[in-house]
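Enquirer: With chain A fixed as given, assemble chain B onto it according to the hints.
So the sequences go chain by chain: A and B.
Heads up: the first sequence begins at 1 in our numbering, then just goes up one per residue.
Heads up: the second sequence begins at 1 in our numbering, then just goes up one per residue.
Hints may be right or wrong, so weigh each one.
[Stated by the list, open to error] To be clear about the criterion: a stretch of chain A counts as covered by chain B if any three or more of its residues have a C-beta under 8 Å from a C-beta of chain B, and this derived list gives those stretches:
| no. | segment |
| --- | --- |
| 1 | 118–130 |
| 2 | 240–252 |
| 3 | 263–273 |
| 4 | 286–297 |
| 5 | 300–311 |
[Said to hold, decoys possible] Here are the simulated lysine to aspartate or glutamate pairs, EDC-like style, with alpha carbons at most 20 Å apart:
| no. | chain 1 | residue 1 | chain 2 | residue 2 |
| --- | --- | --- | --- | --- |
| 6 | A | Lys-267 | B | Glu-69 |
| 7 | A | Lys-345 | B | Glu-291 |
| 8 | B | Lys-267 | A | Asp-76 |
| 9 | B | Lys-345 | A | Glu-215 |
| 10 | A | Lys-341 | B | Glu-69 |
| 11 | A | Lys-39 | B | Glu-69 |
| 12 | A | Lys-345 | B | Glu-69 |
| 13 | A | Lys-184 | A | Glu-215 |
| 14 | A | Lys-319 | A | Asp-175 |
| 15 | A | Lys-42 | A | Glu-78 |
| 16 | A | Lys-42 | A | Glu-69 |
| 17 | A | Lys-298 | B | Asp-352 |
| 18 | B | Lys-345 | A | Glu-297 |
Calculated directly from the structure, the hints in this document are not laboratory data.
We put the beta carbon where it would ideally sit given N, CA and C, even for glycine.
Number of protein chains: 2
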Amino acid sequence: MLNRRDFLIGGSIIAGTSLLSGCSKSQFEDKSININRNKKVKMKLATSWPDNFPIMGTGVSNFANRVREVSGGSIDIEVYGKNRLVPALAVFDVASSGGIDIFHSGPYYWKGKNPAISIFGGVPFGMTFTENMSWFKNGGGYDLWREIYDRYNLYPLLGGNTGPQMGGWFRKKIDSIDDLKGLKMRIPGLGGELFSRLGVNPILLPAGDIFTALERGTIDASEWVGPALDMKMGFHKVAKYYYSGWTEPASVLELTFNKQSWQKLSKEQQIMIKLVSNEMNTDMLYNFQSENAIALEKLSQNRDVQISAFPDDVIATAKIEYSKLIDQFVSENSDFAKVWKSYSKFLEQNRDWSGLSSRNYLNARD
Amino acid sequence: MLNRRDFLIGGSIIAGTSLLSGCSKSQFEDKSININRNKKVKMKLATSWPDNFPIMGTGVSNFANRVREVSGGSIDIEVYGKNRLVPALAVFDVASSGGIDIFHSGPYYWKGKNPAISIFGGVPFGMTFTENMSWFKNGGGYDLWREIYDRYNLYPLLGGNTGPQMGGWFRKKIDSIDDLKGLKMRIPGLGGELFSRLGVNPILLPAGDIFTALERGTIDASEWVGPALDMKMGFHKVAKYYYSGWTEPASVLELTFNKQSWQKLSKEQQIMIKLVSNEMNTDMLYNFQSENAIALEKLSQNRDVQISAFPDDVIATAKIEYSKLIDQFVSENSDFAKVWKSYSKFLEQNRDWSGLSSRNYLNARD
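Next comes chain A alone, as it looks inside the complex (with noise of 0.2 Å):
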């Protein structure tokens, strides 16, 4: 850091008293401004999340509200939980075709359209979130992702962020690679496809089936989001072993727009929509982190509970399927491929910076 004595160079210190003569007061003019080109707008938002789900839902409701507090009331969103205006998951395709303008998501869904488009949203063994913040921002990652939901006429910004996700519950303890051979694991997407290379069967269930399944052992073990979340639905009472992740180190959520509602705000008013998104994305992380970490405390009182990560052996073997499976999609898929040299050139630069900071700093501190 620099220190008190490297303002005084270049130059003596000026007295305080003869500098500020020059210093008029700030001036509070009285003439009022009429921004002519904020219209008054309003706009329809559908979520893939029920309007009171934690911190995802509160944090899209906080969102409209803010806006219309920046904006004097100019920009008037309504915002519609899951399946109230739209099915959860048609909310992509619906804004693209302008029956909504804006939905709020994760990137994560829309593999199945492009599987390009689930690197915007994280990805196994990826980037943190501050790694992957900077890759939208320095690294080219925002510019890929415009040009892709272009194509769908649509314009995404960040949205929240979860932060590292758990790796999930498991009735058995796991002490080797060995132990995930056939148990079957509820557990959706890459991080399914993954399991399954290391010899789980994946199993999707809804929501509300899980605990039940995980509590009469029809499923052996089940992955969620994190303490804050996975103690709602009640985990900790039919399953012992809890495991932290690589699946999801930083899910990325998204507020994305139909391309021609975007085009018709102002200037002012696309500004402060950027910034209210970016004060969403945080705040979002910020409340996972905490309140992952009352849940955790109050996890580790219970002594019933064994938490850990995952055995070395799992954990090497997970990457280096991984690395196939990568290998694969890029192969198959020249927008994967494309967005996938970006990620990974800015992980690589970006791997040894953040193990000699924050890796080594967490290994000392703790």
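Expert: Chain B only, in chain A's frame:
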């Protein structure tokens, strides 16, 4: 993570077409809005950094431009770099008395006024960026900061973050704590106080003199910031050993207003400035991340430079000494005791979650 099937719970999917019949296109009305409250405002901002100082100086210019943009020109902030209008470290007092409206600096520099303020700037073995921001937002940190600054007629906002800083450059290898004894090291502040307890003689030197002192052996070591800014100083040319840090895990920069200047802004203007300060806060962090990664990549190609963590006994002893130092501040200053109680409670609560999530993740990934 929630999966696709989770969205089908609690009711069948409504056919997209029938659903959308009630979903009209957004309405862009033509009434223009006259936001009378948004008076045209001119403000003077003085910083503690040169105008074009990388990341920090340019970040403040970006802030002023962004405020101008989002306010449709209604808020015009003139930025004065280091010593142009106010001596670099007089900005706190001058803003306090109303000579300027805003300053950009770091709480780090005001511990002489009140040691409690240094906690808001970040402390050795303290919180990471995400933990620290969560504390400000959800752990009462912001309220405590506002309460103390209010006594100085100031209103603080977050204005940037360096992320983790490095421990410093050494001319000789440090194999154990004994190698620190008697070394002359340029290191200011709390870090210097801590290193003096490890046997180092902390030296204060103006920035422009450090390189030559290190080259000639007048000093044996120097702390600065991180790879990006350190390489601009040329330290790698005259010191071979570069150690990762624990004195400044996430230094907070501030954007602080004279209280009357803040109160004269309309509610919308205040929110605009809060939103842009949040953008500046994260943008600087993201820029430090990517710039440090690029610099470290270059530095790693230099085979003369050895980069590592400090030996374990240095870290262990530093922790013990730091704890004694904190106890001393707590017993001497009631403000410090009050802020530390909140800070340390939040850190303890978040330490386990960060270990289980971020630390386990980085150790698994890399």
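Enquirer: Taking the hints in turn, state whether each one holds.
Expert: Verification of the hints:
Residues of the segment 118–130 of chain A with a Cβ under 8 Å from some Cβ of chain B number 4, which satisfies the need for three, so the listed coverage holds. Figure legend: the segment 240–252 of chain A, annotated as covered by chain B; annotation consistent (6 residues with Cβ-Cβ distances under 8 Å, at least 3 required). Remark: the segment 263–273 of chain A is confirmed as covered by chain B, as 5 of its residues place a Cβ nearer than 8 Å to a Cβ of that chain, reaching the required three. Closer than 8 Å: that is the beta-carbon criterion, and the segment 286–297 of chain A has 9 residues meeting it against chain B, so the requirement of 3 holds.
Residues of the segment 300–311 of chain A lying with their CB closer than 8 Å to a CB of chain B number 4, which satisfies the three-residue condition for coverage. Taking the CA atoms of Lys-267 (chain A) and Glu-69 (chain B), the gap is near 8 Å; set against the 20 Å cutoff, the hint holds. Restraint check: the Cα-Cα separation between Lys-345 (chain A) and Glu-291 (chain B) comes to about 14 Å, which is no more than 20 Å; the hinted pair holds. With a C-alpha separation of about 17 Å, the suggested pairing of Lys-267 (chain B) with Asp-76 (chain A) holds against the 20 Å cut-off.
A C-alpha spacing of about 35 Å is found between Lys-345 (chain B) and Glu-215 (chain A), which places the hinted pair above 20 Å, so the restraint is violated. In summary, the hint linking Lys-341 (chain A) to Glu-69 (chain B) is not supported, as the alpha carbons are separated by about 34 Å, beyond the 20 Å threshold. A hinted pair counts as satisfied when its Cα atoms are at most 20 Å apart, and Lys-39 (chain A) with Glu-69 (chain B) qualifies at roughly 17 Å. The suggested pairing of Lys-345 (chain A) with Glu-69 (chain B) is violated, with an alpha-carbon distance near 33 Å, which exceeds 20 Å.
Taking the CA atoms of Lys-184 (chain A) and Glu-215 (chain A), the gap is near 13 Å; set against the 20 Å cutoff, the hint holds. A hinted pair counts as satisfied when its Cα atoms are at most 20 Å apart, and Lys-319 (chain A) with Asp-175 (chain A) qualifies at roughly 18 Å. Pair hint Lys-42 (chain A) plus Glu-78 (chain A) holds up; C-alpha atoms about 8 Å apart against a cutoff of 20 Å. For the given pair, Lys-42 (chain A) sits about 14 Å from Glu-69 (chain A) by alpha-carbon distance, which is consistent with the 20 Å threshold.
At roughly 11 Å between alpha-carbon atoms, Lys-298 (chain A) and Asp-352 (chain B) fall within 20 Å of each other, so this suggested pair holds. Annotation: proposed proximity of Lys-345 (chain B) to Glu-297 (chain A) holds, straight-line Cα distance about 12 Å (limit 20 Å).
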